[in-house]
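Engineer: Chain by chain, the residues:
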Amino acid sequence: MVATIKPQTNQISARGNTADLEHIREFVKSQSNSAGFGETDAFQIALAVDEACSNLIRHSYNNDETREFVVTVEVANQQLIIKIMDNGVAFDPLSVPEPNMNEYFKKFKHGGLGVFLMRKVMTEISYQPALNTNSPNILTLTKHFI
Amino acid sequence: MNDVKFTIDHQSFGDVKLLKLQGYLDAHTAPHLESALGDLIQDGNHKIVVNFKELDYISSAGLGVFMVYIEDVRMTGGDIKLSEMKPKVFTVFDLLGFPMLFEIVEHDQIALSKFTA
Numbered sequence: 001m002v003a004t005i006k007p008q009t010n011q012i013s014a015r016g017n018t019a020d021l022e023h024i025r026e027f028v029k030s031q032s033n034s035a036g037f038g039e040t041d042a043f044q045i046a047l048a049v050d051e052a053c054s055n056l057i058r059h060s061y062n063n064d065e066t067r068e069f070v071v072t073v074e075v076a077n078q079q080l081i082i083k084i085m086d087n088g089v090a091f092d093p094l095s096v097p098e099p100n101m102n103e104y105f106k107k108f109k110h111g112g113l114g115v116f117l118m119r120k121v122m123t124e125i126s127y128q129p130a131l132n133t134n135s136p137n138i139l140t141l142t143k144h145f146i
Numbered sequence: 001m002n003d004v005k006f007t008i009d010h011q012s013f014g015d016v017k018l019l020k021l022q023g024y025l026d027a028h029t030a031p032h033l034e035s036a037l038g039d040l041i042q043d044g045n046h047k048i049v050v051n052f053k054e055l056d057y058i059s060s061a062g063l064g065v066f067m068v069y070i071e072d073v074r075m076t077g078g079d080i081k082l083s084e085m086k087p088k089v090f091t092v093f094d095l096l097g098f099p100m101l102f103e104i105v106e107h108d109q110i111a112l113s114k115f116t117a
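Going down the list, the sequences are from chains A and B.
According to this note's numbering, the first sequence holds residues 1 to 146 in order.
According to this note's numbering, the second sequence holds residues 1 to 117 in order.
It should be emphasised that the hints constitute simulated quantities derived from the structure, not laboratory data.
Here the structure is a predicted model, which is why all the values come from computation and not from measurement.
Heads up, a few of these hints could be off.
Far from chain A by the CB rule (all over 10 Å, computed), these chain B residues [to be verified]:
(1) D9
(2) H10
(3) M67
(4) V68
(5) D79
(6) V105
(7) A117
SDA-like, lysine to any residue: derived pairs with alpha carbons at most 25 Å apart [unchecked claim]:
(8) A:K109 <-> B:S12
(9) B:K5 <-> A:E26
(10) A:K109 <-> B:Q42
(11) A:K107 <-> B:V105
(12) A:K120 <-> B:D56
(13) A:K109 <-> B:Q11
(14) A:K106 <-> B:T7
(15) A:K106 <-> B:V73
Chain A is nowhere near these chain B residues, computed Cβ spacing over 10 Å in every case [stated by the list, open to error]:
(16) K5
(17) Y24
(18) D26
(19) G38
(20) S59
(21) L63
(22) T76
(23) V92
The beta-carbon is built from N, C-alpha and C at its ideal position, and this holds for glycine as well.
Taking the hints into account, I'd like the entire structure generated from these sequences.
Structural biologist: Set out below in structure tokens:
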């Protein structure tokens, strides 16, 4: 279990198993719709969260389904704030350089586009690595209401 | 791998293979498609149309599958053409610039005719 997570109005727990991605997307999409976002925005917000969680499950949790993480959604100050809290090895997705897509296609690369997609569809992204062994890493994805 | 959240229907039109996707293509289900495409190509099929009409969702894991094979099929004179995408699915391709590399058409028939032209 992820330790010392403050209770949030809306949250979902998930395992280090990609089978849980669908539930996470449904939760985020439903929360985004309730907050007033239309179908296109809600779809893209859920996509960004999916990308973040996919990376977490595969690269930090190594598909270990006994490990859990938490996704919270809150609406505040004309913005939707999503936090993904995990107790894996800290990894700041913002440290991933933006790919040159011309080069990417020219060399037929694959993989490594999740963070790029997150940046494309969210207004802001920030990362706070765990401060100590009892606190989680927190990736915050924010979408502003236009 | 069998996953009720994602299915692939196989059809043949001469030497062109048509794969119809249904459901969600994410990090969980992408290995299913990677395996199906890999099997087709290993069996010597290099003209492939993928129909997205019943696909409701795709993430970068799904897009990555097409990147894995596109170079191989084009080196042998083939291609992977994509058809009948829902707008929300097309948006994901478009956000990353994939229409630069992949031919995305409105109907299977257009893709099939390009292979036989």
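Engineer: Run the structure past the numbered hints and jot down the numbers of the failing ones, going up.
Structural biologist: 3, 4, 8, 13, 14, 16, 17, 18, 20, 21, 23
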